[in-house]
Amino acid sequence: MIIYNVTININHDVHDEWLKWMQQSHIPEVMSTGLFTESKMLRLIGDEDSGGTTYAIQYTCASMDDYDKYRLEFAPALQKQTQEKFKDKFVAFRTLLETV
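Counting in our numbering, the sequence shown tops out at residue 85, every number present.
If you're looking for bench data, these hints aren't it; they were derived computationally from the structure. There could be a bad hint or two in this list.
With a cut-off of at most 30 Å between alpha-carbon atoms, the simulated DSS-like pairs for lysine-lysine come out as follows [as the list claims (entries may be wrong)]: (1) 54 with 25; (2) 54 with 72; (3) 5 with 54; (4) 54 with 70.
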């Protein structure tokens, strides 16, 4: 199993709008690609002084082939939507994890 992890720090001033959008639009759209079997949204505890709130959104897929297909066919457009909607209000980095 491969876990595609997106860690995002979102500014406090757009937090509530972003959280609603993630839960109601973005995560369902990622899952609708059919390439992931599960998603989880986790909030980092103890970063209140960072200027924002930090989350890890984890998407599980069965194989690297599934992840590569997502990365090539779907990720650019979905990432562009986030960038356009929240511009300079967040920082994000992505990592891949493998279940052992």
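Numbers of the earlier hints that this structure fails to satisfy, in rising order: none
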